[in-house]
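Undergrad: The lines below spell out each chain.
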Amino acid sequence: MGYIDTKKSTKAKVTTVGNTPINVVIAPRSPSGADSESLLTTIFKSVKSLFVGMKVTIGYLVRPSTVVTQQYPENRETLKMFDRFRGQLRLIKDENNYMNCNGCNFCEIACPNGSIVITDQRNPVNEKLELERFLWRLDSCTFCNACLQACPHDALEWSDGFEAAVYDRRLLVYTLNDYAGPPVKAINRAKKKEDRVEELLATMEPRKQYGGPVPLAGRKMPGVPALETENTKDNASPKHK
Amino acid sequence: MAVKISTLEERISVPAEGDNPLNTQEYFINMGPQHPATHGVLRLMLKLDGETVREVIPVLGYIHRGIEKIGEHQTYRQFVHLTDRCDYLSAMMNNWAVSLMVEKAMQTQLNDRIEYIRTIMAELERIQSHMLWWGVLGMDLGAFTPFLYGFRDREMITDIFEETIGCRLTMNYIQPGGLMDDIHPNFVKRVKDVIAYAKPKIDEYEELLSGNVIIQERLRNVGTITAEQATSLGVTGPVLRASGVALDLRRVAPYGAYGQVDFEVAVGSVGDCWDRYWVRVEEIRQSFRIIEQLIDNIPAGKTMLSKPAKKIILPEGSHYAQLETARGILGIYAVSDGKSENPVRIHMRSPNYHNVWSVDAMTRNARIGDLVANISSLDIVVPDIDR
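As you go down the protein sequences, you meet chains A and B in turn. Under my numbering, think of the first position of the first sequence as 112, with each following residue one higher. Under my numbering, think of the first position of the second sequence as 58, with each following residue one higher.
Just to be clear, a hint being listed does not mean it is correct.
Below, simulated BS3-like cross-link-like pairs (lysine-lysine); rule was C-alpha separation at most 27 Å, straight line [unchecked claim]:
| id | chain 1 | residue 1 | chain 2 | residue 2 |
| --- | --- | --- | --- | --- |
| 1 | B | Lys161 | B | Lys367 |
| 2 | A | Lys302 | A | Lys239 |
| 3 | A | Lys319 | A | Lys296 |
| 4 | B | Lys367 | A | Lys239 |
| 5 | A | Lys302 | A | Lys204 |
| 6 | A | Lys124 | A | Lys204 |
| 7 | B | Lys249 | A | Lys118 |
| 8 | A | Lys239 | A | Lys319 |
| 9 | A | Lys239 | A | Lys166 |
| 10 | B | Lys246 | A | Lys191 |
| 11 | B | Lys249 | A | Lys191 |
| 12 | A | Lys166 | B | Lys258 |
| 13 | A | Lys204 | B | Lys256 |
| 14 | A | Lys239 | A | Lys296 |
| 15 | A | Lys159 | B | Lys161 |
| 16 | A | Lys304 | A | Lys204 |
| 17 | A | Lys124 | B | Lys256 |
| 18 | B | Lys258 | A | Lys156 |
| 19 | B | Lys126 | B | Lys396 |
| 20 | B | Lys256 | A | Lys166 |
What the hints contain is simulated information worked out from the structure, not anything from laboratory work.
Please work from the sequences and hints to get the whole structure.
TA: Rendered as structure tokens:
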């Protein structure tokens with residue numbers, strides 16, 4: 112049989128597939144025919160190969176600096192994800208907690224698996240459509256980034272939170288917006304024109320993370336604390352319509 | 058080689074062939090669907106005579122998710138992210154195949170920046186796929202150490218993906234008309250670091266596994282398929298090249314930036330497990346060579362040529378594009394009616410589906426222990442078989 116010396120017996124040549132000449136390297140084989148080695152040489156090379164392999168393993172044993180393992184729960188404080196890491200979806204908010212999202216539905220259309228559901232409402236003050244609820248289903252999201260790509264208003268971003276595991280399936284359906292109301296653009300426009308700013312801000316209604324439609328109709332489960340919603344009676348229907 | 062189509066029941070009821078001096082009885086045994094050596098939910102029905110394998114019948118469908126059917130209800134841009142879930146170890150190449158098909162149909166001309174980044178990313182993906190395969194092969198044959206080494210080196214490359222794209226496995230990066238994001242400012246430096254780090258590690262792989270006489274004896278002259286058998290079974294990728302056919306689409310029909318780079322195609326001479334093993338290890342080296350030639354001169358330019366809001370409607374008719382993934386030729390075939398955003402039909406010619414049938418030709422009249430080496434050397438990703 113013979114021992115295959117991987118360093119020596121590689122051959123290079125040119126073959127053709129169709130009419131295309133292709134440079135190939137051919138896999139080494141054990142020497143055969145006139146080149147074949149004696150049994151003793153084969154045995155010597157074979158036994159030597161075992162020790163060469165063992166040298167690699169022992170080398171790592173005596174060099175602990177090469178260890179790459181991270182002790183995960185212990186290094187939580189220092190663990191930093193890359194800035195483009197796709198953790199969890201969230202809406203971009205400014206310092207006053209106003210969001211960029213105006214509920215234009217582009218992300219819902221782009222989403223390949225219906226993980227985003229957006230409800231709109233018409234604002235009674237400036238008569239514009241605005242976001243009522245931005246529902247994101249973590250349980251069906253595939254993190255394909257299509258929503259961020261489709262967003263024309265730069266309203267979405269990924270957080271670096273990767274610890275998404277929960278004990279209750281209802282907790283995987285999020286309402287992303289803090290409030291139902293006008294986006295930052297509409298507020299700034301009203302401030303510029305000094306046109307009914309106070310009235311516009313008064314139309315904002317708070318939204319809780321676990322309001323709106325959730326799996327199992329959001330019902331109470333034994334042993335699981337009840338979800339905190341903004342309006343437990345009828346939390347899915349928008350106020351003004 | 059004639060192709061015989063028969064049901065599972067018919068194949069089971071075929072009586073034993075050949076002389077049978079010991080008057081032993083043939084029996085069937087299920088390997089899988091839950092078996093660590095089948096790399097997923099692949100079920101192999103083995104017709105055994107003692108330890109000798111008389112026939113291997115792959116039974117598919119345990120992870121069928123209907124990706125092709127779902128694709129009929131999605132736009133081409135949305136369909137890209139589903140191809141990540143087929144052959145998840147060459148996710149980037151799968152994305153590229155869909156993009157290539159759309160760009161070919163729309164006759165989009167891409168700039169050099171997109172082509173260069175795509176090529177570099179695809180080669181990084183090929184390296185990490187082969188590194189993982191190398192570790193798993195060691196583990197299948199009873200050596201646990203390579204598994205850890207393979208994963209350790211692969212992590213360096215997935216870190217590059219995570220920094221630029223944000224994901225490590227299912228990336229959805231290559232889009233019709235360009236790339237989802239520009240490369241991260243650290244990208245070039247990180248790739249160079251990985252090349253400097255990983256190239257000596259390949260020599261370490263050689264010392265640890267390739268040079269090991271036990272591994273050589275486990276792989277050599279085991280599971281031989283000839284070039285004729287391989288071509289008639291439709292086998293592609295490293296499995297075909299190990300049989301001596303130098304069919305590599307990167308060379309034969311260059312796409313991306315492969316026409317501008319210099320590299321050699323690794324081929325085998327016999328077509329046994331050893332050749333398949335060596336071809337893949339050599340492909341890691343050649344991929345590093347390709348990246349080294351491209352990484353320093355990525356030209357400037359836009360990275361997305363089509364606006365995400367613009368609808369992609371392919372011209373009426375059928376469109377096809379194929380490229381070389383880490384496992385073989387992946388072809389995407391789509392039929393468009395010329396009116397809607399969704400394809401009428403999508404079909405994927407997946408490399409693993411065609412490769413898996415060669416396991417019968419390899420293993421006939423060999424021992425059960427060799428079957429594990431054969432499956433491992435095929436480098437099967439089961440979700441790509443069922444889709």
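Undergrad: Hints first: check each against the structure and report whether it holds.
TA: Verification of the supplied hints:
no., hint, in the structure
1, B:Lys161 to B:Lys367, "17 Å, holds"
2, A:Lys302 to A:Lys239, "16 Å, holds"
3, A:Lys319 to A:Lys296, "23 Å, holds"
4, B:Lys367 to A:Lys239, "25 Å, holds"
5, A:Lys302 to A:Lys204, "18 Å, holds"
6, A:Lys124 to A:Lys204, "62 Å, violated"
7, B:Lys249 to A:Lys118, "25 Å, holds"
8, A:Lys239 to A:Lys319, "23 Å, holds"
9, A:Lys239 to A:Lys166, "73 Å, violated"
10, B:Lys246 to A:Lys191, "19 Å, holds"
11, B:Lys249 to A:Lys191, "22 Å, holds"
12, A:Lys166 to B:Lys258, "14 Å, holds"
13, A:Lys204 to B:Lys256, "45 Å, violated"
14, A:Lys239 to A:Lys296, "12 Å, holds"
15, A:Lys159 to B:Lys161, "54 Å, violated"
16, A:Lys304 to A:Lys204, "23 Å, holds"
17, A:Lys124 to B:Lys256, "24 Å, holds"
18, B:Lys258 to A:Lys156, "22 Å, holds"
19, B:Lys126 to B:Lys396, "19 Å, holds"
20, B:Lys256 to A:Lys166, "18 Å, holds"
The structure is inconsistent with the numbered hints 6, 9, 13 and 15, although it conforms to all the rest.
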